[in-house]
Amino acid sequence: SPPAGTGPKYTKQDLDSEISVKLTLRDLIILSWGHESVSFVPGSEEEAEFRDAEAKIDAALATLRAKRA
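The sequence shown begins at 1 in the numbering used here and counts up one residue at a time.
PhoX-like cross-link-like pairs, simulated, lysine-lysine; straight-line CA separation at most 20 angstroms:
1. Lys56 - Lys22
2. Lys67 - Lys56
3. Lys67 - Lys9
If you're looking for bench data, these hints aren't it; they were derived computationally from the structure.
Turn these sequences into a full structure, and let the hints steer you where they fit.
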């Protein structure tokens, strides 16, 4: 959850709902690295893959927010 006063507000129902996000195994691996605080070299292929995977999740969240608006 974002800190108070930042980001979108979600209901408990929103947060407990299941959504589908199409991710490749590469996406999952690179996201797990990012969440393990692995530092990516700026401009590297891994950094680009991490940003791409994050963008897929951001797009899925944006779609969900638009549907609930």
